[in-house]
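*Asks:* As they're listed, the protein sequences go chains A and B. Residue numbering for the first sequence follows our numbering, beginning at 111 and increasing consecutively. Residue numbering for the second sequence follows our numbering, beginning at 9 and increasing consecutively.
Don't read these hints as lab results, they were simulated from the structure. All of these numbers come straight from a predicted model, not from anything done at the bench. Among the hints, erroneous ones may be present.
[Claimed, not checked] No farther apart than 25 Å at their CA atoms in a straight line, the calculated lysine to any residue pairs in the SDA-like style are these:
1) Lys385/A - Ala360/A
2) Lys21/B - Gln356/A
3) Lys249/A - Arg113/B
4) Lys147/A - Trp120/B
5) Lys174/A - Arg117/B
6) Lys145/A - Lys111/B
7) Lys146/B - Ile345/A
8) Lys385/A - Phe123/B
9) Lys455/A - Phe126/B
10) Lys72/B - Asp273/B
11) Lys385/A - Met173/B
12) Lys155/A - Glu203/B
13) Lys307/B - Cys260/A
14) Lys249/A - Ser351/A
15) Lys265/A - Ala217/B
16) Lys21/B - Met363/A
17) Lys209/B - Arg113/B
18) Lys174/A - Pro425/A
19) Lys155/A - Gly187/B
20) Lys265/A - Leu88/B
21) Lys265/A - Tyr394/A
22) Lys174/A - Glu203/B
23) Lys455/A - Leu440/A
24) Lys112/B - Pro425/A
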Amino acid sequence: MFKLKCDDFLDYDEATGTYSMSAEQQVRDETERNKWKTTGFTLLKDWRLYLMLVPMILVYVLWKYLPMYELTAAFRYGDFPTSSDRPWAGINNFQTVFVGDQAVYFWPAFRNTFITAFYGLLFGFPMPIILALFFNEVKSNIARSIMQVCVYLPKFISTVIVTSLAMALFAGSEGGTSVGVISRLLGKISSSQTLHDKLNDGLIYTTEYFRSIYIITDIWEHAGYDSIVFFAAVIAVSPTSYEAAQIDGAGKMAQMRYVVIPSILSTVIIMLIMKIGGLLSVGYEKLYLLCPGSTYGNYAVATVVSTWANNLSDPINQAYGIAGEMTNNLIGMILVIGANTIARKASDVSLY
Amino acid sequence: MKRKMEVSELIFKIIAYFFLIVFAAMCIYPLIFALSSMFSDWDAVKESKVVLWPAGKLQLDSFKYVFNSSRFWVSYSNTLFVTFIGTIWCLIYSILGAYALSKKRIMGRHGWNFFLVFTMWFSAGVVPQFLNYQSTGKVMSTIFAGSTNMADIDLKWLIVIAMGMNATNIVLLRNSFEGVPSEIEEAARIDGATELQILTKVYIPMSKATIATVALFFGISRWNGYFWAYKVTGAAGQSYSWPVQVYMRDFIQLNTSLTGNYNQDLADIPNIGEATSIAYAMVVFAMVPILVIYPFIQKYFAKGVNMGGVKE
Chain A
111 MFKLKCDDFL DYDEATGTYS MSAEQQVRDE TERNKWKTTG FTLLKDWRLY LMLVPMILVY
171 VLWKYLPMYE LTAAFRYGDF PTSSDRPWAG INNFQTVFVG DQAVYFWPAF RNTFITAFYG
231 LLFGFPMPII LALFFNEVKS NIARSIMQVC VYLPKFISTV IVTSLAMALF AGSEGGTSVG
291 VISRLLGKIS SSQTLHDKLN DGLIYTTEYF RSIYIITDIW EHAGYDSIVF FAAVIAVSPT
351 SYEAAQIDGA GKMAQMRYVV IPSILSTVII MLIMKIGGLL SVGYEKLYLL CPGSTYGNYA
411 VATVVSTWAN NLSDPINQAY GIAGEMTNNL IGMILVIGAN TIARKASDVS LY
Chain B
9 MKRKMEVSEL IFKIIAYFFL IVFAAMCIYP LIFALSSMFS DWDAVKESKV VLWPAGKLQL
69 DSFKYVFNSS RFWVSYSNTL FVTFIGTIWC LIYSILGAYA LSKKRIMGRH GWNFFLVFTM
129 WFSAGVVPQF LNYQSTGKVM STIFAGSTNM ADIDLKWLIV IAMGMNATNI VLLRNSFEGV
189 PSEIEEAARI DGATELQILT KVYIPMSKAT IATVALFFGI SRWNGYFWAY KVTGAAGQSY
249 SWPVQVYMRD FIQLNTSLTG NYNQDLADIP NIGEATSIAY AMVVFAMVPI LVIYPFIQKY
309 FAKGVNMGGV KE
């Protein structure tokens with residue numbers, strides 16, 4: 111006799127040759143029917159927990175997600191007084207930004223964003239790792255603590271102070287003042303003609319030297335603090351690994367190459383992902399302070415997409431700024447998600 | 009038995025020490041420079057004669073000027089207000105939210121986490137954020153002052169509640185709360201503790217290091233915040249609610265040649281050497297609170313950063 115294969119939800123009665131609903135299935139159906147009731151019950155039981163979530167969500171909706179609603183301005187024409195009057199423009203604003211009138215301002219700003227971030231990563235990323243490896247060599251706890259206190263400190267100095275001090279040390283001779291201390295030192299040790307020509311303009315306000323100074327101050331600010339994570343990874347390497355390597359005849363360089371670097375690699379990859387993710391969100395506060403407007407000598411290299419957008423104030427141009435910056439941030443988001451995916455596939459470490 | 013140090017090891021050690029000492033010296037040099045310039049002779053400051061130690065005849069006039077400047081202290085008190093109230097506000101909603109997110113039983117946990125983490129990936133940008141602050145300011149003034157002019161309310165409050173958000177800090181707190189063993193929570197629950205009591209009596213004491221770190225991060229970013237405070241108060245023309253960073257930058261821009269575009273006729277202080285020395289004095293005053301608390305919290309944040317780690 112033909113018998114259905116349905117043991118998971120029906121019982122077969124041999125005597126009568128009929129099927130009936132199995133007990134497990136009845137429980138399952140009951141659960142399914144009461145799903146909303148049980149959901150409601152858990153919600154009710156843990157209502158305090160959900161209430162705790164409310165302030166955070168409110169703050170994030172109001173000041174992180176509502177600004178995203180303002181992005182719709184990128185798809186509207188700007189030349190109307192109130193935002194509700196503005197007709198939809200489709201991708202017109204984007205066309206203006208990419209190939210139209212604004213392209214001559216947008217693309218240099220985009221290029222600056224990328225170059226500043228790329229050089230920052232290239233020169234800034236190895237620095238904390240080097241610091242961490244070197245800190246590991248200092249066996250005296252007191253000496254190391256003193257050095258660490260010094261190198262972490264710049265992270266906590268405000269951008270206004272950092273930029274003001276950088277301007278002072280690289281100052282030109284405006285207003286009858288003399289050239290800044292570090293500029294003067296550079297003038298003494300360097301024979302470069304361009305450097306000597308630009309010394310009086312203030313090196314920080316020249317297109318030639320702005321980027322270098324910006325990146326040096328960035329390293330000054332962040333390298334020490336960023337080394338904390340790497341230092342923790344370096345001291346986690348077991349002393350027996352070093353001993354084993356030494357017995358095998360490994361010198362200092364070989365120990366670095368085969369013991370330390372592999373041990374801290376996962377940390378390095380995670381930190382690299384974070385940095386690549388932030389590649390297109392260079393610190394606009396600092397760049398704004400170093401170059402608040404187009405009258406500054408470093409405008410051509412110091413303007414990034416954020417500061418360019420910030421400088422477009424009237425409603426018509428605002429729409430272009432929003433469109434340009436939105437593109438920049440979307441590419442940044444793709445970068446972080448992409449880097450994360452690659453890292454997850456390559457080494458089982460990922461951030462999110 | 010002590011192993012003999014190899015040559016390569018010795019060389020490496022020497023390079024390490026040399027490099028670290030130079031880097032550490034570089035890190036504190038600008039701060040010493042500011043301190044020295046504050047006490048240096050005005051002409052020495054003007055001629056950039058200060059290298060490391062105060063140059064020329066020592067003077068206390070710059071110190072006195074800042075000490076007696078009422079505008080400086082008004083902005084200083086604004087910053088103190090924003091830092092204290094703002095940090096407490098950020099800590100309250102971050103701890104509550106992180107505690108709820110750390111519970112596996114909460115519904116839509118992945119969704120809420122994504123909601124939080126997404127703000128680290130994508131931000132609307134400078135202009136939309138500014139438009140948002142403007143409309144928030146209008147709503148606040150409609151409620152509290154009955155007008156649509158943002159300048160009618162004290163914008164310190166807008167700075168306090170709407171700025172200084174940081175999703176990374178919430179993730180740090182959440183990870184720390186997840187590390188608390190669930191047995192302790194169950195024990196407390198059996199003893200009749202409510203949700204809030206479990207948080208305040210169990211979780212917060214057990215995550216002290218992380219909370220201290222996060223409070224430090226919030227506090228520092230509040231103390232140092234410039235851009236948004238400047239944009240919002242600047243748009244409303246409300247200089248009495250300027251934080252000290254905004255006031256300091258304004259003073260430096262107006263009176264010294266550091267930021268370029270110097271115009272002596274517009275300056276409040278005609279002597280540029282004096283003005284620059286005063287600017288350094290302001291820089292030192294603005295750094296003092298950070299330098300004072302820094303040694304005490306230093307050990308906390310190194311611990312907290314590593315404990316928080318990165319995981320999902």
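*Asks:* For each hint, tell me whether it holds in the structure or not.
*Replies:* Hint check results:
no., hint, verdict
1, Lys385/A - Ala360/A, "violated (33 Å)"
2, Lys21/B - Gln356/A, "holds (16 Å)"
3, Lys249/A - Arg113/B, "violated (47 Å)"
4, Lys147/A - Trp120/B, "holds (22 Å)"
5, Lys174/A - Arg117/B, "holds (19 Å)"
6, Lys145/A - Lys111/B, "holds (21 Å)"
7, Lys146/B - Ile345/A, "violated (53 Å)"
8, Lys385/A - Phe123/B, "holds (21 Å)"
9, Lys455/A - Phe126/B, "holds (21 Å)"
10, Lys72/B - Asp273/B, "holds (24 Å)"
11, Lys385/A - Met173/B, "holds (20 Å)"
12, Lys155/A - Glu203/B, "holds (11 Å)"
13, Lys307/B - Cys260/A, "holds (13 Å)"
14, Lys249/A - Ser351/A, "holds (18 Å)"
15, Lys265/A - Ala217/B, "holds (19 Å)"
16, Lys21/B - Met363/A, "holds (12 Å)"
17, Lys209/B - Arg113/B, "holds (20 Å)"
18, Lys174/A - Pro425/A, "holds (21 Å)"
19, Lys155/A - Gly187/B, "holds (24 Å)"
20, Lys265/A - Leu88/B, "holds (20 Å)"
21, Lys265/A - Tyr394/A, "holds (16 Å)"
22, Lys174/A - Glu203/B, "violated (28 Å)"
23, Lys455/A - Leu440/A, "holds (23 Å)"
24, Lys112/B - Pro425/A, "violated (46 Å)"
Checked against the numbered hints listed earlier, the structure breaks hints 1, 3, 7, 22, 24; every other hint is satisfied.
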